[in-house]
Amino acid sequence: EDQVTQSPEALRLQEGESSSLNCSYTVSGLRGLFWYRQDPGKGPEFLFTLYSAGEEKEKERLKATLTKKESFLHITAPKPEDSATYLCAVPPGAGSYQLTFGKGTKLSVIP
Amino acid sequence: GAGVSQSPSNKVTEKGKDVELRCDPISGHTALYWYRQSLGQGLEFLIYFQGNSAPDKSGLPSDRFSAERTGGSVSTLTIQRTQQEDSAVYLCASSLAGGETQYFGPGTRLLVL
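Chains as they are written, first to last, in our numbering: chain F, 1 to 111; chain U, 1001 to 1113.
None of these hints come from the bench; they were simulated from the model. Where hints are given, some of them may not hold.
[As the list claims (entries may be wrong)] Covered stretches of chain F (chain U as the covering partner; in silico rule of three or more C-beta atoms under 8 Å from a C-beta of chain U):
1. 50–64
2. 68–78
[Stated by the list, open to error] What follows is a list of derived Cβ distance ranges for each label pair:
3. Arg1109/U <-> Ser19/F: 27 to 33 Å
4. Gly41/F <-> Thr1013/U: 16 to 22 Å
5. Lys1015/U <-> Asp39/F: 17 to 23 Å
By construction, the Cβ of each residue, glycine as well, lies at the ideal position given by its N, Cα and C atoms.
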């Protein structure tokens, strides 16, 4: 069973059309949920870390929220430069410091 | 303020040859991680180094894969007798300590012919 599931796999938005990406996780004792952005041919770029249910973080047009079972990445009035693959990740369990990643949501913002 | 660097950026090799991939972490970061990203797959953990502790090798897919970290800084991932299924992007990340935010390098794109 996957510990991290992201949906949708792909999302096309018109410029200015707000939407949300979902990341659901099944690990217990969450020690942080991480959001990254990955552009083609590049390594993942860190966006946010969330640690507890109810926590929210914002950066420009992005806002990440966390519940006990899932996280949402809200994109408000997106621009074409927001096009990328968005990845979420969690440490898989107690004593593990590596990250288990979801397969990502590929976002395309059309001008 | 350099980030994580990796070399080479691209590597093409023939099946059966050995390859070495290099990672220079952010200065002062004690934790270093290797991941693999294959087409259609998510990022897959390979190995984790923390300071002078024994590395966590639980993600290495076979004994053809090995890694070392010299002097607590630079790391080398070695793949022996490469196979076509080893073709992937190999990503290195570092963090201040285990469990802290990981910062990724640009990756090495490996193609095994």
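Evaluated hints:
1. 50–64: Since three or more residues must qualify, the claim that chain U covers the region 50–64 of chain F is violated, with 0 doing so at under 8 Å.
2. 68–78: violated (count 0)
3. Arg1109/U <-> Ser19/F: 27 to 33 Å: 31 Å, holds
4. Gly41/F <-> Thr1013/U: 16 to 22 Å: With a Cβ separation near 20 Å, glycine 41/F and threonine 1013/U satisfy 16 to 22 Å, so the hint holds.
5. Lys1015/U <-> Asp39/F: 17 to 23 Å: At 30 Å between Cβs, range violated.
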